[in-house]
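Protein chains in written order, with the numbering used here: chain A, 4 to 357; chain B, 195 to 655.
Keep in mind that the hints were calculated from the coordinates and are not lab data.
Because the structure is a prediction, the values reported are computed rather than measured.
Each hint should be verified, as a subset may be incorrect.
Said to hold, decoys possible - A partial selection of chain A residues facing chain B, derived with a Cβ cut-off under 10 Å:
1) V108
2) C112
3) D132
4) Q198
5) V333
6) L334
7) D339
8) A344
9) H345
To be verified - Here are some, though not all, of the chain A residues that point toward chain B, as calculated from beta-carbon distances under 8 Å:
10) D110
11) T126
12) R131
13) S331
14) P332
15) L335
16) Q340
17) Q341
18) R342
Idealized CB from N, CA, C, for every residue including glycine.
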Amino acid sequence: MTRIAALLIVLASSWGATAQADPEAIRHYGPDDATQHLLVRGTTDIALFDPVLQLFAQSRPDLGIDYEQWGSNDLYSLAVSACAGMDHAADLIISSSIDQQVKLVNDGCAQSHSSAATAALPTSSNWRDQVFGITREPAVIVYNRALVPPEDAPLSRFALIDLLRAEDRRYEGKVATYDIEQSGLGYLFAFADSQQATTFGSVIEAFARTHAVTTCCSAEIIDGVASGKYLIAYNILGSYALARAAKDPNIVVVAPTDYTLVLSRAALIPTRASNPAAAGDLIDFLLSDEGRQSLSAQYLYLAPSQMRENGLIGTEDGGSSLRPMPLSPVLLVGLDQQRRAHFIKLWRSAFSDR
Amino acid sequence: MADLATPPPRAVSLTLRLAVALTLILSGGGAAVAIAAIAYGQNAAQQSYDRLLIGAANQIAEALTLKDGAINVDIPLAAFELLALAPQDRIFYAVYGPRGELITGYDGLDGPKTGQNLGDGTFTGAPVRLAEVDRRFAERSFSGTVRVVVGQTTRARAELTRSITRSALLAVVAAGLLMSGLAIFAVRSALGPLQRIERDLAARAPTDLTPLGVAVPREIGTLVSTMNRFMARIDRQVAATGRLIGDASHQLRTPIAAIRAQSELAAGETDPARQHAIVARIHRRAVSLSRLTDQLLNHALIINRTDAVPLDLIDLRRVAMQAVDEIDHDARSTDTLKIDLPEDPVMIQGDSFTLVEACKNLAANALRHGVPPAVIVVRVEGRKAVLAVRDNGPGMPEDHWPDAGTRFARRASVSPTKVGLGLSIVDAVARAHHGEMSFGRTSTGHFEARISVPLIKEAEA
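Sequences are here, hints too, so could you generate the full structure?
And the structure:
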């Protein structure tokens with residue numbers, strides 16, 4: 004067991020990401036003199052996750068909840084070392100890097116939780132009763148309406164590639180996407196793209212040619228699009244984009260018509276959780292109608308009908324372009340050391356050609 | 195007839211015996227099939243998922259490439275999709291170079307025992323099934339064996355085993371129930387004849403001892419015929435008892451009434467001489483009555499014996515000699531009773547006692563009614579042994595011969611001193627020995643009464 008733990012540490016540290024020891028943000032819910040405590044670590048922005056946590060805190064006055072917001076790779080490293088007993092374990096981990104979550108389960112770092120709510124989940128959203136998909140968020144393209152003329156609107160990857168191949172290079176340095184080495188989510192989306200269609204090769208080639216910017220963090224990228232620093236952003240989480248679009252009329256959110264990946268943020272209870280029962284309650288709450296409505300209000304749970312309302316998919320589109328990403332051990336392939344190394348190498352080589 | 199208040203001693207019920215036997219057979223067979231089903235389930239599940247494991251390992255092994263003198267592994271998605279067919283199982287894999295160095299995957303994942311490509315082990319504290327596929331490289335830049343190890347937890351196997359076993363056990367239980375049902379039906383139909391016999395017996399009048407007419411299978415045919423023989427014996431005894439009572443009431447009533455009348459006469463007689471004469475008559479009557487009673491009881495005894503006593507191998511000459519011995523002394527003077535025996539033994543299956551009685555009766559008849567001397571003869575006639583008594587008189591009229599066995603017993607006019615029951619006894623004894631009583635005349639015209647019974651050859655004896 005110790006050998007495995009040591010191995011996991013090695014794997015985690017070989018990730019290449021600079022280990023960041025601190026959470027990006029922390030917020031406390033519930034009374035200070037609460038008899039029970041629940042530590043939730045997640046990648047979701049506190050702003051988006053706040054309403055649902057408040058609702059849950061109201062329903063559990065005995066519970067003091069701490070929410071720590073982490074970057075996905077840091078969160079994974081921390082979970083691995085906590086699994087080995089070398090760090091304080093959270094009671095619940097909610098991450099958009101569902102491949103890393105699946106790997107934590109595969110490595111025996113999660114405990115089972117089953118209830119009526121988890122039993123009702125489709126198999127694609129529940130693996131081994133240990134990791135659960137709690138949200139529905141499309142990976143979208145975002146652009147600035149004021150700066151991108153309507154005829155340039157990138158409604159699909161093909162349109163995006165054509166746009167970037169344009170002679171005048173007007174989008175040179177103006178397209179942004181995640182840095183897949185820094186962002187677990189970025190890597191997940193990119194790797195899924197590489198599995199989905201041959202367009203992926205053309206996409207990175209086009210990115211490389213137009214000196215696309217790879218950077219971290221959804222909020223930062225969307226801010227850049229809003230300010231005009233970037234014109235188009237690729238593979239952005241729909242939840243952040245729609246939340247921003249609701250406030251900023253210049254932000255347009257597009258679900259690519261060729262295919263749209265749909266991510267289901269994964270929640271798991273670590274083996275060493277000190278309050279697994281409360282963590283299970285929170286999972287059940289997130290899966291309940293009340294929890295779903297609250298998530299939905301923050302664009303974290305988008306049913307096809309809601310995607311239609313937000314203009315993400317056509318009114319007559321039944322969602323056939325949607326590609327949900329199931330929670331399955333197949334996700335482990337992307338995390339294979341060699342495979343990951345090759346993929347990042349491929350990515351880097353494309354961008355170093357500039 | 196029988197006292198219903200005292201049931202017969204009970205052996206274990208047939209139904210219970212059959213039920214126990216069937217239960218043992220079914221549960222034994224069921225257990226064997228169940229064990230086989232579990233083994234089959236395990237085997238089937240193991241084989242199905244082992245194929246997936248080997249398939250995945252092969253796919254990974256095929257994806258190995260050489261690049262710049264180093265092994266390159268592009269784990270194929272298809273391999274994991276194959277393994278994900280066991281959707282609830284964790285997947286472990288490792289690719290090791292020729293010196294055992296980890297190329298990719300989970301370090302410390304040991305393959306199955308050397309020389310085997312499948313095996314069981316544990317990883318991260320969970321039991322896993324392991325498969326190993328080796329790929330040999332013999333290139334200028336790289337030479338050696340690369341080992342691909344793939345492991346999977348055993349949840350899906352256990353689930354499939356349970357499911358196969360459950361189905362198999364359900365089938366076993368269903369078959370068991372069906373067989374039990376058929377067995378119950380078979381037992382009922384097999385025991386049906388017994389119930390028919392019971393119903394037949396229950397429906398009978400108490401005095402009905404005729405054979406059972408129920409059609410029964412061969413297996414209990416013996417039982418029924420034994421029962422029929424038993425009932426026939428009872429029937430004969432009941433008939434004999436009835437005859438005895440009939441004979442006794444018939445034959446004793448008259449002499450007793452006579453004695454009573456004489457004794458009343460004697461009581462009223464004042465003349466001592468006549469009174470004395472009457473008393474003498476009473477005495478004669480009483481003696482004769484006593485002889486009659488003897489005969490009646492003897493008859494009953496012999497009839498009873500003929501059914502009850504097993505037959506022994508005896509020499510008919512001894513019977514004759516014993517009869518002579520037992521006949522009263524006054525009759526046994528050599529003038530009046532002679533004996534004529536062959537030199538060789540005459541062996542028969544018989545009851546010595548009843549034969550001696552029969553012989554004595556015949557001799558007594560000859561002495562009483564015939565012309566002396568009476569001769570007891572034993573001889574062999576073909577396959578028959580004959581015991582005969584003859585005298586020098588004319589004997590019975592020939593028209594009495596056919597029913598002599600019953601005639602005199604019933605005749606009201608027979609006086610106690612005459613033939614009486616003697617021939618009836620002789621007839622019964624002859625029948626009991628599978629023989630017959632007959633009469634005849636010798637060449638000299640002398641009367642002869644005889645019993646002929648089957649002869650047992652010395653060789654057979």
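Status of the hint placing A:R342 at chain B (closest C-beta pair under 8 Å) = Holds - the Cβ of A:R342 comes within 8 Å of chain B, reaching about 5 Å at its closest.
Return the status of the interface hint for A:R131: holds when the least beta-carbon distance to chain B is below 8 Å, violated otherwise.
-> 5 Å, holds
Should the interface hint for A:T126 be scored as holding, given a Cβ-Cβ cut-off of 8 Å against chain B?
-> Status holds, d = 6 Å.
Go through the hint on A:D339 and say holds or violated, using the shortest Cβ distance to chain B against 10 Å.
-> 5 Å, holds
Grab the minimum C-beta distance from A:A344 to chain B and call the hint holds if it beats 10 Å, violated otherwise.
-> With a closest approach of 9 Å, the A:A344 hint holds.
Given A:Q340 was flagged as interface, is its beta-carbon under 8 Å from a beta-carbon of chain B?
-> 5 Å, holds
Going by Cβ atoms only, is A:L334 closer than 10 Å to chain B?
-> 8 Å, holds
Could you check if A:Q198 really has its C-beta closer than 10 Å to a C-beta on chain B?
-> Where the cut-off is 10 Å and the nearest Cβ of chain B is about 6 Å from A:Q198, the hint holds.
Can the hint on A:C112 be confirmed by a CB-to-CB distance to chain B that is less than 10 Å?
-> 9 Å, holds
Hinted contact A:Q341 with chain B - closest CB pair below 8 Å = 4 Å, holds
With 8 Å as the cut and Cβ atoms as the points, is A:D110 at the interface with chain B?
-> Where the cut-off is 8 Å and the nearest Cβ of chain B is about 6 Å from A:D110, the hint holds.
Against chain B, with CB atoms and a cut of 8 Å, does the hint on A:S331 hold up?
-> This interface hint holds because 5 Å falls under the 8 Å limit.
Consistency with the previously given hints is maintained throughout, with no hint failing.
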